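**Student:** Spelled out from the first residue to the last, the chains are:
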Amino acid sequence: MISEIGVQTRGQGLYEFTNLFRSEIRLTGDGLVTLFVRHTSCSLLIQENADPDVVRDLKAFFHCLVPPADDPSMHYLRHVAEGPDDMPAHIKAAMLPVSLNVPVRDGQLMLGTWQGLYLFEHRTAPHQRRIAIHFSRDAAAP
Amino acid sequence: MISEIGVQTRGQGLYEFTNLFRSEIRLTGDGLVTLFVRHTSCSLLIQENADPDVVRDLKAFFHCLVPPADDPSMHYLRHVAEGPDDMPAHIKAAMLPVSLNVPVRDGQLMLGTWQGLYLFEHRTAPHQRRIAIHFSRDAAAP
Amino acid sequence: MISEIGVQTRGQGLYEFTNLFRSEIRLTGDGLVTLFVRHTSCSLLIQENADPDVVRDLKAFFHCLVPPADDPSMHYLRHVAEGPDDMPAHIKAAMLPVSLNVPVRDGQLMLGTWQGLYLFEHRTAPHQRRIAIHFSRDAAAP
Chain A
0 MISEIGVQTR GQGLYEFTNL FRSEIRLTGD GLVTLFVRHT SCSLLIQENA DPDVVRDLKA
60 FFHCLVPPAD DPSMHYLRHV AEGPDDMPAH IKAAMLPVSL NVPVRDGQLM LGTWQGLYLF
120 EHRTAPHQRR IAIHFSRDAA AP
Chain B
0 MISEIGVQTR GQGLYEFTNL FRSEIRLTGD GLVTLFVRHT SCSLLIQENA DPDVVRDLKA
60 FFHCLVPPAD DPSMHYLRHV AEGPDDMPAH IKAAMLPVSL NVPVRDGQLM LGTWQGLYLF
120 EHRTAPHQRR IAIHFSRDAA AP
Chain C
0 MISEIGVQTR GQGLYEFTNL FRSEIRLTGD GLVTLFVRHT SCSLLIQENA DPDVVRDLKA
60 FFHCLVPPAD DPSMHYLRHV AEGPDDMPAH IKAAMLPVSL NVPVRDGQLM LGTWQGLYLF
120 EHRTAPHQRR IAIHFSRDAA AP
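Residue numbers (numbering that gives the first Met the number 0), protein chains in the order written: chain A, 0 to 141; chain B, 0 to 141; chain C, 0 to 141.
In isolation and in its complexed conformation, chain A is listed as follows (with noise of 0.2 Å):
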């Protein structure tokens, strides 16, 4: 089963959206769910949902390491036409994940206690970001 959820971002940082994948997605029995960002300057990400400073912290951590073009340290780089923002998404989205899994039993996701379901934004300027949801659901035990 396939189906798809969208994401709108307002600038770079982290979106939880458990909820709102809970709310759409209709899951049954046993089996698998897998996530896929349509995109190559933003990615998905699962990461603690208790305490906020913990998606600020890896926001602030990934920008020190990529940070935007115009930063004397990234003077190599030449795919700057798109803005200083740009090459450094292209370059986060390689480094963390395009494409996710979480196993399904009873119809439930089979998060952590702490772990929740994040849209990682790395362009500045708002964005609809397209996740596909793929469920496969196993067969029923004979």
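Treat the hints with caution; some may be incorrect.
Repeated chains share a single entry, so a pair holds when one copy, or any two copies, can fit it.
What the hints assert, rightly or not - Once the Cα atoms are required to be at most 25 Å apart in a straight line, the calculated SDA-like pairs of lysine to any residue come out as:
1. K58 / G106
2. K58 / Q7
3. K91 / T27
4. K58 / P125
5. K58 / Q127
6. K58 / R136
7. K58 / R37
8. K91 / A59
Please keep in mind that the hints were generated in silico from the structure rather than gathered at the bench.
Note that the coordinates shown come from a computational prediction; the quantities given were computed from them, not determined experimentally.
Since chain A is already given, all that's left is putting chains B and C on it; use the hints.
**Tutor:** The following block gives chains B and C in isolation, referenced to the frame of chain A:
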């Protein structure tokens, strides 16, 4: 089919569980295994299991790339109440896989010659880590 | 359904195999494709395939982030007997995907407009890389 295996860790580093997987998870036919770690401060990894220096060097590299929160270069972190190893653990857990797939043929994981399954522990204290395993067996050819 | 495709590399860099995949792997209906690379010194990647500068810049960034073992900043590495490019290759293979999923609709990979499939070679010598492909076709709706 969903199972779960546990890996006991004793501080930061890579713990191979290829043999544990083979002894606990019974695979038959062709299909796909998916592994999912239900935590936000450790990772799954498929890496070389021939020379122990490889996993030692991997641990050393990621320690340099993401030093503890009390390192001056990490002064901007705010999520520090759970210890200097906690936020770096979340960062490494973002950069390294939370889920992995391995195709299965004739009941065997299609790992390459030098590939092994690892749990990469990012916390300094011992932890009991739980890995959810999903196996989807292909329908027999008609 | 399990298949395998080979990608011949000629030194470090990204090799697109989207067209090779489409010509060798026959997909029908809806389902999920999983790719798995059977090596520990190269990676799979889904990235922009419009501007060739993007893949050039990706290669340059990861070369800066993980320099060769004979770079002074990497003095702590011990696994150096297989050449200065070998341990950095394992590190990049840890940071970048060993497995990837792409949902399939009506026999087509659900890649976004600018997404292409790449093999990212981290070694300097030419290699023949093998990618295992699993396709799970959804049962037809009742």
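**Student:** Give a verdict on every hint.
**Tutor:** Hints versus structure:
1. K58 / G106: neither (32 Å within a copy, 37 Å between copies)
2. K58 / Q7: So K58 and Q7 pass the 25 Å test inside one copy only (17 Å; across, 30 Å).
3. K91 / T27: neither (34 Å within a copy, 33 Å between copies)
4. K58 / P125: Answer is within: at 16 Å inside a copy they meet the 25 Å cutoff, but 28 Å across does not.
5. K58 / Q127: within (19 Å within a copy, 28 Å between copies)
6. K58 / R136: neither (34 Å within a copy, 37 Å between copies)
7. K58 / R37: This pair counts as both: shortest intra-copy Cα distance 21 Å, inter-copy 22 Å.
8. K91 / A59: both (13 Å within a copy, 14 Å between copies)
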